[in-house]
Amino acid sequence: MKLIRKFFITAASVKLTVFCLFTISFLVVWGTFYQVDSGVYAAQKRFFDSWYFIIAGMIPFPGVKSIIAVLALNIVASGACRISFHPARIGILLMHIGTLALIAGTAFSSFLIRESVLILFEGERSDVSSKQFEWEIAFFKKESGSLINAGFHKFNNLKTGKNIPFSMGGITVSVEQIYSNCNAFGTSPHKIDSLQLKDPDYNRERNIPGLVLRVNKDGDKKKNNKVVLYGGAGVPALCILGSDTLLISLQPGHIQLPVEIELIKFTKEEHPGTKTAKSYNSRVRVKGPELNREVVISMNRPFRYKTFTFYQSSYSNENGRTASTLSVVDNPVRFVPYVTGIIIMLGLLYHFIFRFLHIVLEPEQNNIPNEKKSRKK
Amino acid sequence: MINRRIETVCTALFTIILILLNSSLLASTEKERISVESLGKIVVLEEGRKKPLDTYARNKLIQFSGKQKVSGLSALQWISQVIFNPDKADRDLIFLIDNPEVADAMGISPRAKRRYSFFELYSASDKLSELSNEVMKKDASELNAFDRVVINIDRNLQEYFLIRSTFSFLEPLPYLAVSDSTLSQKLGVSADQPLSYFNLMSRAEVITEGMKKIQQTGIDSLNPEYIALLDLTRRMYDLEKSLENPHPHLIPGKEANDGQWLGLWGLVNQYKSAVYDQKSLMYMVKIRDAYLNGDQQKFDESVNHFKKIARQDASAEEKLPDPSLELFYNKLNPFFYAKVLYGFAALLSLLSIALLWKKISAVSFCFVLAGVILHTTGIISRMIIMSHPPVTNLYETFVFTAWAAVIIGIVLEWIKLGSVGTITAAVTGFLFLHIAGKYARDGDTMGMLIAVLNSSFWLTTHIVTISLGYAGYIGAGLVGHIYLVYKMVKADDTVQLQKLSKAVNGIFYFGLLFTVIGTMFGGMWADQAWGRFWGWDPKENGALLLILWGLIVLHSKSGGLIKDTGASFGAVIGTVLVMSAWIGVNLLGVGLHSYGFTASGALTLFAYICAEAVFLLASGIVLSLKKSN
Chain A
2 MKLIRKFFIT AASVKLTVFC LFTISFLVVW GTFYQVDSGV YAAQKRFFDS
52 WYFIIAGMIP FPGVKSIIAV LALNIVASGA CRISFHPARI GILLMHIGTL
102 ALIAGTAFSS FLIRESVLIL FEGERSDVSS KQFEWEIAFF KKESGSLINA
152 GFHKFNNLKT GKNIPFSMGG ITVSVEQIYS NCNAFGTSPH KIDSLQLKDP
202 DYNRERNIPG LVLRVNKDGD KKKNNKVVLY GGAGVPALCI LGSDTLLISL
252 QPGHIQLPVE IELIKFTKEE HPGTKTAKSY NSRVRVKGPE LNREVVISMN
302 RPFRYKTFTF YQSSYSNENG RTASTLSVVD NPVRFVPYVT GIIIMLGLLY
352 HFIFRFLHIV LEPEQNNIPN EKKSRKK
Chain B
1368 MINRRIETVC TALFTIILIL LNSSLLASTE KERISVESLG KIVVLEEGRK
1418 KPLDTYARNK LIQFSGKQKV SGLSALQWIS QVIFNPDKAD RDLIFLIDNP
1468 EVADAMGISP RAKRRYSFFE LYSASDKLSE LSNEVMKKDA SELNAFDRVV
1518 INIDRNLQEY FLIRSTFSFL EPLPYLAVSD STLSQKLGVS ADQPLSYFNL
1568 MSRAEVITEG MKKIQQTGID SLNPEYIALL DLTRRMYDLE KSLENPHPHL
1618 IPGKEANDGQ WLGLWGLVNQ YKSAVYDQKS LMYMVKIRDA YLNGDQQKFD
1668 ESVNHFKKIA RQDASAEEKL PDPSLELFYN KLNPFFYAKV LYGFAALLSL
1718 LSIALLWKKI SAVSFCFVLA GVILHTTGII SRMIIMSHPP VTNLYETFVF
1768 TAWAAVIIGI VLEWIKLGSV GTITAAVTGF LFLHIAGKYA RDGDTMGMLI
1818 AVLNSSFWLT THIVTISLGY AGYIGAGLVG HIYLVYKMVK ADDTVQLQKL
1868 SKAVNGIFYF GLLFTVIGTM FGGMWADQAW GRFWGWDPKE NGALLLILWG
1918 LIVLHSKSGG LIKDTGASFG AVIGTVLVMS AWIGVNLLGV GLHSYGFTAS
1968 GALTLFAYIC AEAVFLLASG IVLSLKKSN
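These protein sequence lines are chains A and B, in that order. Each residue of the first sequence is one higher than the one before, starting from 2 at the first, in this note's numbering. Each residue of the second sequence is one higher than the one before, starting from 1368 at the first, in this note's numbering.
Worth flagging that the hints you see were computed from the coordinates, not collected in a lab. Idealized CB from N, CA, C, for every residue including glycine. One thing to keep in mind: the hints can contain errors.
[What the hints assert, rightly or not] As a list, the in silico EDC-like pairs of lysine to aspartate or glutamate whose alpha-carbon atoms are at most 16 Å apart:
{"#": "1", "chain 1": "B", "residue 1": "K1639", "chain 2": "B", "residue 2": "D1662"}
{"#": "2", "chain 1": "A", "residue 1": "K307", "chain 2": "A", "residue 2": "E261"}
{"#": "3", "chain 1": "A", "residue 1": "K307", "chain 2": "A", "residue 2": "E116"}
{"#": "4", "chain 1": "A", "residue 1": "K288", "chain 2": "A", "residue 2": "E116"}
{"#": "5", "chain 1": "A", "residue 1": "K276", "chain 2": "B", "residue 2": "D1605"}
{"#": "6", "chain 1": "A", "residue 1": "K279", "chain 2": "B", "residue 2": "E1414"}
[As the list claims (entries may be wrong)] Chain A stretches covered by chain B per the calculated footprint, using a threshold of three residues with CB under 8 Å from any CB of chain B:
{"#": "7", "stretch": "24-32"}
{"#": "8", "stretch": "69-82"}
{"#": "9", "stretch": "293-304"}
My request is simple: use the sequences and hints to build the entire structure.
In structure tokens:
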């Protein structure tokens, strides 16, 4: 018990608070400069989304995640050791509760958030969005003229030398080589012969992965069918195993949307006489189990449905046709930063107003405390 | 005796201010042959906004030279000269080249005032195109300071050329001369004599007739007259294409014309031979003639007729705005004069401290109040003119933060913190309006907002609150400086030091409060616009750093790790961080907040950080020496 008490007192130390805040500040500055050469994603991975990282090839350094965890412990311990309900401290209490809730909510939501994009040309519709930075391997089996889905597998979960759990009986698929970013060589997108590893690009969108698979079927005479997949191919690779025909594709990961979105019209409004965009908006028809209506999605005016939010992100022109790019975020705890932010702001405001009134209403007392103290002495 | 001295000083200062305030009004009568004031009220369309020609002229002059006046001429007088009498205007030193290496590379000798005339730059245009072609080969991310200056000069030179060509359809050009005698006879002009485009358009019937005959005859069996006619029409076409519809766009958009505003060349190109029926063009020609002949009455009459026609011609959606508020704002030049007033207030405050003339501090406070009235008028006028919240770009953040810092100073004065409030208000007001002036080329032009910023709600909640946060940190930093200096000089005056310390803490907390609120609102805006609350973007990190620093100082103070002096050091460091988050982050050029990127100010920021480091080090040494003694 004594040990726990001692631990709490140490963990509640203001010195620890200041140390944590200093370390985060240091990491924020370092991470910001790091972005200039390596991009936001690399900086995020190394400094902000990590528990630790290695410097000079061997020295571990705590990442923002670990420092925030210590800070959360520090806040809990301080609360346990020094909590009091004096009116003057309500603001401080609110701020710390809000901060704790924000830390907990952010940690929790990082496991739940799914981000993707939906690119539609005018007249096109879809109920599937693609992840920008996550890839998947998709299997389809050709059966009497139609394609049967034979499963999706996350690219990040694949391991060299291991088999991919496959749903079609008698067929085994093993991973021979994985390329996180590569160039492809071959006679056509359908027939890629080899891949060449490339250095990872700091701009995540430019990293195109590749895979070499071995596909076998029990009883098939031709053993070890080699299949080379490239993320940029745009078409699936064909694999014939005796009487079975498989189509295998390395493609951006997909998210099944709860509604179908059809792009009716994309409009880009410009300030008169300029090329400066005033607004972008997409008029879409949303069809789902509970709704079927037209919606306008524009900059600063997203469309929300259940845990999904659709944002106007950008647009492109291809062969005279306009495509609208909508960002799709599935976040079941979207309200967390709003609620916690409001709690923190209220706490700050309460404390400020309380202190300000204290100074204004009792200026004499506030301005000359030393004199009073000296008189008392 | 002292009272008399104060009186003399104040009278002298007021006289200087009156002279300054009147200088802009006096200039209009001294320098020009006729007053062009009425011309300034004509509404033009620029950068997506309808504005008086006066504003257009100011914007262009600021863009070219970074100033609102040239050779004693107001912007309106200058642009009138460029439009109506370009040959004279070509010698005005208006093009700012703030990189002497660029001047060297163009083969013109660098000048101390760094401004050059169109005439000088035009003679070096071959070298400029050579430089410009090299720069254009580069990717935007590879551009250095030299390249950006080259791009700027090239763009400015082209824009100037187009403005000076407003009436070039009236100018006889050797390029349009007709060498074939038969054709010149038919056109009723002398052979080989320079002709104006307008002159040729008045003979459009002859040209059209000739072209019909060419079509009938066929291109293979043309006589010299028709070959000359074909050549002439080609030259006319090339001229039309090179001057399709240059600014200033003076003619309001009509429904028949898809609402597109036209310049005079645009009108000529649009209506061809029927342009003679366009009253607006005819009145513009009359305005030009009256200007060149110095006929004031005819000038004003023609301007009024032109404005009337423009209002009649404007389509229902193109309802022209009343430019009077904007003209008042332009004439008032509120931020410049507010800066002057704050400057005088700062000087008087310092005098009052140095010479112990306490009564002067009251006069100084009056200067601050006069300044803040002008400052507020300026901000409100811009808000009404633009129908936007007060802060939409980097320039306006400085103007607004200066205003907020001045208000903080006034509040300090109100809660009786001696002359600290006046000094804070005067110094921050002066300094930040001065810095704002450095960004006027990009931000003082009242341009339209890009799509992501086009949200009054979020602009108000996020940017305004963040700017208030910056103002708080800066105000606290300034009082922190005063505290440290005072402690070095008068360490035994504990009462005053306590007051100063309370002010530092209070304003610092105000800064933290609004930075947190602003950052939270920023997160909410990012969630609405980009789909994520926080993305570790450099600008977001800048705001986070300010919050973290505020928390470090406050926790250290409340935990007894630092005392009043430490908190003042913290407040001073806070200003360094504000400047880094404000300007420094924009210099990195990465992230989603690209609308705030800037390439200027790196050296000044570095010098400022060094100066603060020296100050902190020196005061640290002095205070520890004093303590040990």
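* To do: Enumerate the violated hints, using their earlier numbering and listing them in ascending order.
  => 1, 4, 5 and 8
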